[in-house]
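J.: The chain contents come next:
4 protein chains.
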Amino acid sequence: MTKIKLGMVGGGNDAFIGAVHRIAARIDDRYELVAGALSSTPEKSQASGKAIGLARIYDDFKQMAIREARLKNGIDAVAIVTPNHVHYAAAREFLKRGIHVICDKPLTSSLADAKKMVKAAENSDALFILTHNYTGYPMVRQAREMITGGQIGKIRVVQVEYPQDWLTIEQDFKQANWRTDPAQSGAGGSTGDIGTHAHNLARFMTGLEVESLAADLDAFVPGRQVDDNGHVMLRFEGGAKGMLWCSQVAPGNENALRIRVYGETGGLEWAQEDPNYLWHTPFGEPKRLFTRNGAGTGDAAARMSRVPPGHPEGYLEGFANIYTEAANAIEAHRDGSKADAAVIYPTVMDGLRGVEFVDACVRSSARNAAWVKLR
Amino acid sequence: MTKIKLGMVGGGNDAFIGAVHRIAARIDDRYELVAGALSSTPEKSQASGKAIGLARIYDDFKQMAIREARLKNGIDAVAIVTPNHVHYAAAREFLKRGIHVICDKPLTSSLADAKKMVKAAENSDALFILTHNYTGYPMVRQAREMITGGQIGKIRVVQVEYPQDWLTIEQDFKQANWRTDPAQSGAGGSTGDIGTHAHNLARFMTGLEVESLAADLDAFVPGRQVDDNGHVMLRFEGGAKGMLWCSQVAPGNENALRIRVYGETGGLEWAQEDPNYLWHTPFGEPKRLFTRNGAGTGDAAARMSRVPPGHPEGYLEGFANIYTEAANAIEAHRDGSKADAAVIYPTVMDGLRGVEFVDACVRSSARNAAWVKLR
Amino acid sequence: MTKIKLGMVGGGNDAFIGAVHRIAARIDDRYELVAGALSSTPEKSQASGKAIGLARIYDDFKQMAIREARLKNGIDAVAIVTPNHVHYAAAREFLKRGIHVICDKPLTSSLADAKKMVKAAENSDALFILTHNYTGYPMVRQAREMITGGQIGKIRVVQVEYPQDWLTIEQDFKQANWRTDPAQSGAGGSTGDIGTHAHNLARFMTGLEVESLAADLDAFVPGRQVDDNGHVMLRFEGGAKGMLWCSQVAPGNENALRIRVYGETGGLEWAQEDPNYLWHTPFGEPKRLFTRNGAGTGDAAARMSRVPPGHPEGYLEGFANIYTEAANAIEAHRDGSKADAAVIYPTVMDGLRGVEFVDACVRSSARNAAWVKLR
Amino acid sequence: MTKIKLGMVGGGNDAFIGAVHRIAARIDDRYELVAGALSSTPEKSQASGKAIGLARIYDDFKQMAIREARLKNGIDAVAIVTPNHVHYAAAREFLKRGIHVICDKPLTSSLADAKKMVKAAENSDALFILTHNYTGYPMVRQAREMITGGQIGKIRVVQVEYPQDWLTIEQDFKQANWRTDPAQSGAGGSTGDIGTHAHNLARFMTGLEVESLAADLDAFVPGRQVDDNGHVMLRFEGGAKGMLWCSQVAPGNENALRIRVYGETGGLEWAQEDPNYLWHTPFGEPKRLFTRNGAGTGDAAARMSRVPPGHPEGYLEGFANIYTEAANAIEAHRDGSKADAAVIYPTVMDGLRGVEFVDACVRSSARNAAWVKLR
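Residue numbers (full-length UniProt numbering), protein chains in the order written: chain B, 1 to 375; chain H, 1 to 375; chain E, 1 to 375; chain Z, 1 to 375.
Treat the hints with caution; some may be incorrect.
[As the list claims (entries may be wrong)] Pairs of lysine-lysine, DSSO-like flavour, derived with a Cα cap of 30 angstroms:
{"hint": "1", "chain 1": "Z", "residue 1": "62", "chain 2": "Z", "residue 2": "44"}
{"hint": "2", "chain 1": "E", "residue 1": "115", "chain 2": "H", "residue 2": "5"}
{"hint": "3", "chain 1": "H", "residue 1": "72", "chain 2": "E", "residue 2": "44"}
{"hint": "4", "chain 1": "B", "residue 1": "44", "chain 2": "B", "residue 2": "174"}
{"hint": "5", "chain 1": "E", "residue 1": "3", "chain 2": "H", "residue 2": "50"}
{"hint": "6", "chain 1": "Z", "residue 1": "62", "chain 2": "B", "residue 2": "72"}
{"hint": "7", "chain 1": "Z", "residue 1": "96", "chain 2": "B", "residue 2": "72"}
{"hint": "8", "chain 1": "E", "residue 1": "338", "chain 2": "E", "residue 2": "115"}
{"hint": "9", "chain 1": "E", "residue 1": "50", "chain 2": "H", "residue 2": "72"}
{"hint": "10", "chain 1": "E", "residue 1": "154", "chain 2": "E", "residue 2": "116"}
{"hint": "11", "chain 1": "Z", "residue 1": "72", "chain 2": "B", "residue 2": "50"}
{"hint": "12", "chain 1": "B", "residue 1": "5", "chain 2": "Z", "residue 2": "5"}
{"hint": "13", "chain 1": "E", "residue 1": "119", "chain 2": "E", "residue 2": "154"}
{"hint": "14", "chain 1": "H", "residue 1": "174", "chain 2": "H", "residue 2": "115"}
{"hint": "15", "chain 1": "H", "residue 1": "5", "chain 2": "E", "residue 2": "3"}
{"hint": "16", "chain 1": "B", "residue 1": "119", "chain 2": "B", "residue 2": "154"}
{"hint": "17", "chain 1": "Z", "residue 1": "96", "chain 2": "Z", "residue 2": "116"}
{"hint": "18", "chain 1": "E", "residue 1": "338", "chain 2": "E", "residue 2": "3"}
{"hint": "19", "chain 1": "Z", "residue 1": "119", "chain 2": "B", "residue 2": "3"}
{"hint": "20", "chain 1": "E", "residue 1": "338", "chain 2": "H", "residue 2": "3"}
{"hint": "21", "chain 1": "E", "residue 1": "3", "chain 2": "H", "residue 2": "3"}
{"hint": "22", "chain 1": "B", "residue 1": "3", "chain 2": "Z", "residue 2": "44"}
[As the list claims (entries may be wrong)] These stretches of chain E come out as covered by chain B in the derived footprint (C-beta under 8 angstroms, 3 or more residues):
{"hint": "23", "region": "163-174"}
{"hint": "24", "region": "292-299"}
Since the hints were made in silico from the structure, they are not lab data.
Ideal Cβ placement from N, Cα and C applies to all residues, glycine included.
Okay, chain B solo, but in the shape it has when bound:
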């Protein structure tokens, strides 16, 4: 099987998420990373590219898009892992040249950019995959399959939260700086960085869209320019209600993304830090604990899983699942066929929904947490 030739924009020496994308692309051996423009200056790009042994190193993403598109064996796909405000400008260059885009979340730093991104994707024959990586966890797929299958009945209540603690105090290093700079991250701080993950997970697992929300955002650390804590009440289409909490100032929480969904006949509970477990609580019966690949789990989880039950898979494998779904789709695209119906990945529309969520949170909070529609 010919591997997919991959390029990367962003992800230079001191970045966290670039290395994650590279491991994720390697785990299932479907990609070959061959080109990159890893940093914001030509010098750093060269240095970072050499450090990881790239075959072709470019000064910037535009140069890369132009030249790779001309190569006979140029990249099939590009991973964009820059700060948020660069996503659109970079993705556009590749999309318009028919190169598939695998883009980190949130989609963009502004709603205007997000809408342009949707257009750019629609106008391109290339695929657009957004790495809302938590949708790649097998037990998240299991939960979605159970909900779709009616195992908890019509949904009434969704509780989702993503608390962290790393911004409890003022921080001063690259990862912290761009995430707390509205010019780079967008108007949402915790809402954009992690609230979007919580929002997307709720949508993905339940299949429900948030119709309106009321948000009370705070920047607790003195001098912080974006929210570091967000309290949000949600109203879903069809009548379900929800609460969403995102925080970067909750000591003791590392990446404590957690979701609980309650329907008319049962509940489900999943937590990112212990991702190989899924609680199912059918009303009137004992609680049941499903394990990844364990007894009673279904196809949706099994196809996302590599090792036997009791051998934990983690964040990187979940991330790899997004890359592998992308590979499935890209290969089908290459063959002119249709990807298997089981293949799922977050799209540019999911990305737009996420930016709308951040925008709605900021608008609501500015109006004393009034209810606002998401679009």
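Starting from the known structure of chain B, arrange chains H, E and Z on it as the hints suggest.
T.: Chains H, E and Z alone, transformed into the frame defined by chain B:
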């Protein structure tokens, strides 16, 4: 030591909470239950009183208050464990005759009654104790002591929730019926029955008052006349923010009251179903798990605890602690002395705050979850 | 209902277990404590008896047995809560006068005494109840009922352990001193004090008797005269195998009694520190978590439980269940009837089995952990 | 950086562990898999090799060793992932030609082979790495570092267990068949397959060697030729004691490897199914929960970790750590330098110790669980 002579109003044969109060009063051997008007009719009161071997059985609470007040060795205190709408009428009769009142929560079924209750208590020399029993758990006391002692710094965020599942479907038995009848329970359903516990626990543990709230209440089960799910955003005096969730339609949750408090330097987490544990998460250090009576715990918890660490105490012991605090206060009152400063119990003012909370939730929800002041 | 008149031997001012017995006897209101010889000297007995308001205080247990037996309304039953080496001498005096005995575990400090105790009980019309209190936990009853009902198939493996940490270092206070003095505790240290609990729990839950064992005992703390850590391999009648670990030198363990039972078709797991939960793991199905009084639990647990699911009961309620079972049996005895078949309590024969277990551990360890029969 | 050229013996289409090795080798991008003899027949080897796109496919391991050794750019290292009884014959061919060997555990199926393997490794300039993969988990390294650093004092007690449930019933598929066939797996069943992991983990974490043991082994499933459950008491050099339980018939256990170590001043607890956590229980202080890469963890864990705390790493990353340690050692070997002192991997001597452990278990059990020395 002469035991405190106790009477009881409500708590007849098929009541749940009456039996709990009786066990709670027995555990530390400070009370002697001698009189009662346990049911709403003279016949049932006689039957229920005989079943538990009461010395003096009355037809109704008024008769009981009048006669006991006249007895040389009449009751010192009365436990009121009726449905909410009877609390005020009953308590008034005893308060005005100088008999101490130990009353179940919420204080009353209406804000008007709550204010009258405060007046009645203020005009009486007798004590008024509200059984917000969760404040009796040793590790709740431990958390409060740590917060007061500055161990998590200035509080920023409070997350509190009390989900249950027993009203997931329509129910038809006494406990369910009065709790879902606004004439008996008050305008709040889940907000009144368990939201008040969550609200009070947050106040007790943090020492902060809720200034305003925005509430989105639902009655998910068709035909239900009061809320069975409440989403509430909180703003505390001094700038802290919070979220409160109460639900009776969340399958898999029995009595899952849980609170998490985050300050500038650390966090605390406690859950009612596993009450012998308290997590302390100082920022930048490993998490610490405190156990009841275990290493590192302080006086506030130790004086509420009976058995060595690792031997779990539960709901009844926590409830008994309220009775024992009441006994401490009543005995000091009898002696004309002042109870030890460590003695704490929920008062009529705590009860008023709870009813204000319910009232504010209902008012806010009626106005599309607008922010409302609690008073 | 006339309460059972109870006396107590041991349990003076600085004892732990005496207070536990008294609370346990009070919780369900079936006993009235009226007499006692609480300490080893007349002076201390008087002081301790007055402190808890006893009606009749005796200098020693023999005086108490003689006089109470002569009283028209003397005690019906006596609780013996002295150090182990006094159990037999005290119990004998009451048994031979027809007074029921509720005795703390282990039965005696020597095998010779244990056999005499069995005889004394057999020769008496009075009942003998041993407070192996962990058999009173509702979820232990639930597990036993499930095993009896065949829900995990024929048992193959039993893993039971009771680690503590309080004797990790040399201690010098009353509770520690008598428990580490072979003259008072018997030849077993951790094996006698807590190993007997583990052994009895395994027997009670599975219905299987240990046939032989191999024990490797240690006294890790310098100067300690009895074992503080015991490793034991078990062979049950019928072919099941087991491991038992007891330790008082395992830092971080408070009273971490835990049992796991595996049969041909499923497993069960229970832990004393979180006693309201029971895991059931049917082979080939998701794990199930049963909760006390929760969905799917049976009669054996329900009759031992006071409050709704999600409201934890603990050590004292489990202990109270033994007292209540004793009350059921004593009242049936008084009426000349037969106690309900559901009534279960540890007997003098269970006590003998426990002392045989300690004796076998000590014999085996002295022979380099050779296999020895228990009797 | 030039990647290490890797070959593979075993790991054909229906094998589990071969795929694991391949992912583990890819994760950190230090290896390039170029050659293989993946199955026991030439036809299957060809088919399996093509399926994963190998550059050079061989009929059998001998042919592969001979030819690769002659190639200018032949493999630097070979991964041996066959059933146990083939390990020695295969490894020998590569070792004697100076090709590094990365071999699955247990080292061999017999003690005689294990000793020959040690000689073969000693006589070769090539490195020998045994994939006792659990030693690659970051929190296992953390625990080892803490023990070495004296944070729990002199060790007294080690409790280690590895229960599974997949052989609770008779199974008939390739993975089950060879593991229960003494001709392929060796005389130990559960002891060899997973007991060796438990034994090695105890040695690795504590730095202590088992001096003697007493083992009671069973084959509970009718017709099974090797043990499926083992109870083992351990005596370590220096006086520490331990218990080891391995089982493949414990329903509800997937890969529940768990170790608890208790010293004079504290304890540590780690479980494979939740590998990102480590409990530290200093005597007399609250329990502390360390998380992978989280607050308070040290260098030994940090160098084994890829993503921030709260993002779980799992089995594959732990396995990859062994491959990466091997890469560190192989590259130092290539450069003629010495690997960094922090580089640790299981060696052929660790493998010998494991086979001695299995041999001792089988000998002891045959003598009614008598104590036997390991060598």
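J.: Need the status of pair residue 44/B, residue 174/B: alpha-carbon distance at most 30 angstroms?
T.: holds (15 angstroms)
J.: Count the residues of the region 163-174 of chain E whose CB lies closer than 8 angstroms to any CB of chain B, then report whether that count reaches three.
T.: violated (count 0)
J.: Check whether the Cα positions of residue 3/B and residue 44/Z lie no farther apart than 30 angstroms.
T.: holds (24 angstroms)
J.: Check whether the Cα positions of residue 338/E and residue 115/E lie no farther apart than 30 angstroms.
T.: With Cα atoms ~26 angstroms apart, residue 338/E and residue 115/E stay inside 30 angstroms; holds.
J.: Holds or violated: are the alpha carbons of residue 338/E and residue 3/E at most 30 angstroms from each other?
T.: Holds: residue 338/E and residue 3/E sit about 19 angstroms apart, inside 30 angstroms.
J.: Need the status of pair residue 5/H, residue 3/E: alpha-carbon distance at most 30 angstroms?
T.: Holds - the C-alpha atoms of residue 3/E and residue 5/H are around 19 angstroms apart, at most 30 angstroms.
J.: Given the hinted pair residue 62/Z and residue 72/B, is their Cα-Cα distance within 30 angstroms?
T.: Violated, at roughly 41 angstroms.
J.: Has the given pair, residue 96/Z with residue 116/Z, been kept, meaning a C-alpha gap of at most 30 angstroms?
T.: Judged against 30 angstroms, a Cα distance of about 13 angstroms means the pair holds.
J.: Given the hinted pair residue 50/E and residue 72/H, is their alpha-carbon gap at most 30 angstroms?
T.: holds (26 angstroms)
J.: Has the region 292-299 of chain E got at least three residues whose CB is nearer than 8 angstroms to a CB belonging to chain B?
T.: holds (count 3)
J.: For the pair we were handed, residue 119/B and residue 154/B, check the Cα-Cα distance against 30 angstroms.
T.: Distance of about 34 angstroms is beyond 30 angstroms: violated.
J.: Decide if the proposed pair is consistent with the structure: residue 72/Z and residue 50/B, CA atoms, cutoff 30 angstroms inclusive.
T.: holds (26 angstroms)
When held up to the earlier numbered hints, the structure conflicts with 2, 3, 6, 7, 10, 13, 16, 19, 20 and 23 and fits the remainder.
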